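Participant: Listed here are the chains, written in short residue letters.
Number of protein chains: 2
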Amino acid sequence: MVINIPGPAAGGGGSACGGAAAAAAVEVHRVCLPPPRTTVEKLRRRLADIFFPDDPLHGFKDQTRFRKLVIGLQFFFPIFQWGPDYSFELLKSDVVSGVTIASLAIPQGISYAKLANLPPIIGLYSSFVPPLIYSVLGSSRHLAVGPVSIASLVMGTMLSEAVSYTKEPDLYLKLAFTATFFAGIFQASLGFLRLGFIIDFLSKATLVGFMAGAAVIVSLQQLKGLLGIVHFTAKMQLIPVLSSVFHHTDEWSWQTIVMGVGFLVLLLTTRQISMKKPKLFWISAAAPLASVVLSTILIGYLPKGLNPPSSNMLFFSGPHLALAIKTGILTGILSLTEGIAVGRTFAAMKNYQVDGNKEMVAIGLMNIAGSCSSSYVTTGSFSRSAVNYNAGAKTVVSNIVMAAAVLITLLFLMPLFHYTPNLILAAIIITAVIGLIDYQSAYKLWKVDKLDFVACLCSFFGVLFISVPIGLAIAVGISIFKILLNVTRPNTAALGNIRGTQIYRNLNIYKDAVRVPSFLILAVEAPIYFANSTYLQERIMRWVREEEEWLALNNQSNLKCVILDMTAVTAIDTSGIDTISELRKVLENRSLKFVLANPVGNVMEKLHKSKVLEPFGLEGLYLTVGEAVADISSSWKV
Amino acid sequence: MVINIPGPAAGGGGSACGGAAAAAAVEVHRVCLPPPRTTVEKLRRRLADIFFPDDPLHGFKDQTRFRKLVIGLQFFFPIFQWGPDYSFELLKSDVVSGVTIASLAIPQGISYAKLANLPPIIGLYSSFVPPLIYSVLGSSRHLAVGPVSIASLVMGTMLSEAVSYTKEPDLYLKLAFTATFFAGIFQASLGFLRLGFIIDFLSKATLVGFMAGAAVIVSLQQLKGLLGIVHFTAKMQLIPVLSSVFHHTDEWSWQTIVMGVGFLVLLLTTRQISMKKPKLFWISAAAPLASVVLSTILIGYLPKGLNPPSSNMLFFSGPHLALAIKTGILTGILSLTEGIAVGRTFAAMKNYQVDGNKEMVAIGLMNIAGSCSSSYVTTGSFSRSAVNYNAGAKTVVSNIVMAAAVLITLLFLMPLFHYTPNLILAAIIITAVIGLIDYQSAYKLWKVDKLDFVACLCSFFGVLFISVPIGLAIAVGISIFKILLNVTRPNTAALGNIRGTQIYRNLNIYKDAVRVPSFLILAVEAPIYFANSTYLQERIMRWVREEEEWLALNNQSNLKCVILDMTAVTAIDTSGIDTISELRKVLENRSLKFVLANPVGNVMEKLHKSKVLEPFGLEGLYLTVGEAVADISSSWKV
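One line per chain: the protein sequences are P and C, in this order. Numbering follows the working numbering, with no gaps: position 493 of the first sequence is 493. Numbering follows the working numbering, with no gaps: position 613 of the second sequence is 613.
Think of the hints as simulated: they come from the structure by calculation, not from any bench. None of these values were measured; they are calculated from a predicted model. Just to be clear, a hint being listed does not mean it is correct.
[Said to hold, decoys possible] Which stretches of chain P does chain C cover? Using the computed rule of at least three CB atoms under 8 Å from a CB of chain C, they are:
{"hint": "1", "stretch": "48-58"}
{"hint": "2", "stretch": "171-185"}
{"hint": "3", "stretch": "487-495"}
{"hint": "4", "stretch": "502-510"}
{"hint": "5", "stretch": "523-535"}
{"hint": "6", "stretch": "564-577"}
Beta carbons: idealized from backbone N, C-alpha and C, even for Gly.
My request is simple: use the sequences and hints to build the entire structure.
Facilitator: Written as structure tokens, this is what we have:
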């Protein structure tokens, strides 16, 4: 007996199968069914696997009530985890790194606020409240929180298409805070509902292309400041931007160009130096601040003081609500992607865990708080976090130190920054975004996976020529299409025996694998779904036809048996089951035996439930291809 | 040496690997790379596999030019294939079955035309020209061609939402022909461009739900005729239809009800008889015709004569063009799905091949021709094809016979049908569509695959309460979501060794599988993509954590090595490669060895190209889990 289908008489409660059948001529093992479970139990497990893959509550198991309370506090406020062990040594490291990232955060904050078409001071406000909130809730130790280029850019683009920031600055500001509020709500809900996997659909390929496209557009837009052009388009597509640059050559001013290019070269050089020698991180960190201070004319007035409350500026009705929500969701998702990826990168380097869903809640709450205190969308910045890491940050206290430095700036140094010339901001922005053009990754995509590269190109050109949301949507569409294509047209392979072993491998790849006479052994390398069941049936019949033609041509013995290796068939649906059943019928019509090898647990369960196995008799299922070949060959000899 | 990574020095031209390494202490086999191929060659193969999975031109290989011409003719006009061997014996069978399906096609044609809100004679025209075209081009021998319920229903619904068929009958007719034309164009293009797999995305589960929903709606709508209600809604949703039925109880007429229910019972009984005894197929075939003849009052006038040309009624501009195209695409896709599925079903029963893409071209051309000769959308009908098959049809000539019978009707018997009472048509329609409610399949879906059942329910209720296109769209969306869910949250399993063998299987399922001390062997049952790479990394780290906790609790020896069984990892993208590389880093930080077992061809190729294997040293890859365990254990003993 080869298979074991426990009927009601077999007492299905326990294990569905025993050991090997000792009486058989060739040793064969039984294919087993997974332990029986109720629908509710299966649903529970499936949902747990979808929403709690990391088993977030495992720390709470088998603990006293008091211990559970402590762990719970630590769970929701990681500050309780590292706080008790915090030492003076750690503080020293954190102060150094905090001051370093502050010197980067202040000019970048101002520049990014400009990118979002917001007053420069909003960039500083955003570098004060959100980092403080994050330091209490966040679980990454190296994340440097504040405004980032991508989210600023997207917010600037989307909002200024509907509202002019020069003509209606108040409405624009309200829109920005409301969008930030919705970004926070969206982020926190994703984390709270444990739907964090949604951001996984922005694949690396998509992001590489998207960020490069955005960086090109932003850099070109900064030519306005760098060339001294006064009349410039507000649009974000490549063509209007380029035509703005070259249709106003009369506005180019050589003084601006010389100064701007000079600062740009300075900033790029210092950036290059710190990239080559991470120990010299302070050069690239100090250069922008130095540039700003150097070039700033020390006159003018800007409101000193801390973040004013802005919760009264949020609106939840009116014609612009939809835009605010849309902008919030898009900037929210993009800033989450950046923040979580950065957090994970540095956590992997220092071998600690960052909980994606908890991070989402932390980032979301910090944006909600930010939107009520004159801040716009913030997240963990890649460039500043890298500087933070290299400067030796040990805990999230470096964010507190940074916030303190920003506090001092806000209270005492603010007037300094009012007249920071546009050309300096342009040079800072270009330096920041140029690093987003990751041509090495793009080249690697091309080398390793052509379709990934196509997705990357599409998001690049989509952003460049159409718009940011459409570019992203196209790239996500291509990524999903790629998954579906792989499911719709899965790989099938003929297997051969590697001499002297029980191993069966792809005949095309393993030259020392040999065909087994009278057998055709096929591996299907995909789940069998409605989307590919017709294809697979056709493809398998073609394998059979080609094998028979080849055998006839080479005067070999006839084909007698087709073995389907189901190891890689990780799932099956009702259409797939019908395919198996039809294949069996068609092959039996041709007097060919058809057996299955190694169906995995849930596939076996479905095959069993659908009763498709019954016509196979009791000998259509084997645990391995080797046992199938041995058993069937020996049955022919008898 | 365990792996073999051919560098440029290794001369990558030939086979990428040789036999087993003889010097090793334990016998281990090398993991091989697929034979090197250029990007163009790989693209060519991939495209061939996407568009020509069935290798349609294989018959042309190694043939003389004349033979190629003959095969080509047979390829495009299957009539040349069976024509020469056609015999009087075959003709006898075909005449019997042709007359039988004609007796079904005439009343059904009239009824379905009514379902599409078209004049009854259009139903007969549609049963004349299209079957003739199909008999020349089609490759199925049992398909009975003509109007079908689903396509008629969808056309009627979609068109009458925009144009009233009572107030503007001419415009409505033009719309119907134009939609038919576009349906044909769409179908023929799908086949010609070999994009037939698009219809695979209508999974069986979706169709079961959709057809049941449509059948319920249509049956309820027929209550108008059956109860004699005069004022009835034109809407297609459940609620307006039911309220129409019960808000006009004063219009119910008991005479109509008695007659209608009488005929309905007669038709359902005969249908039941032929279902139980397929040999009595003629009862269910003759009953509708008999009912029509019996009940028809022999007065009135209807235009005798053949299909008038209608190409002058097609329009390619104007405000209704978009609706015509949309209706054409939807009815086109639905009628294709039915026609191809029916063709495949009967082909499988008689063991011949139906080429999906060629069938699409045939059905498409027949609809284009139909739209120019006063026919609306036609395809192979399931119910009539079954009768055709049971009546002993041998070739597509039965369609020609049927067309001839319709011809006689059109020329001589047409006046008969003008005054067929609505209640008879209603009874015929209900009988036809009631068979679409496939509750047995729905129950099987529930038993075998809960998510398939949900998709089925959604399309059922979507059609019932919202609309036909939305119901279908929801169901397709759920089907795709199901694929993505399976990719996003793939199964992982810990493997154990089945005693006395080299076989490793899921510890949860195989009770005689045992853990291998110091090893954690994990199988990933899915491709590793951007959409699941984060999840898999988390999940694998959780396996490691849980294993270490379990070992500590049971005082077992420490975990030393993690083996990832990649057999079922059928594809990998750049995010997946990063995951492998990060897993290795994280596990090495914990002093755990990390090796891969049996990466399949294209995965191996990508791993190699991305150079992620290099840090593995020369011993991180094994052909089987068994060899990995043996080799690594023996290296520890030394």
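Participant: Enumerate the violated hints, using their earlier numbering and listing them in ascending order.
Facilitator: When the structure is compared with the hints, only number 2 turns out to be violated.
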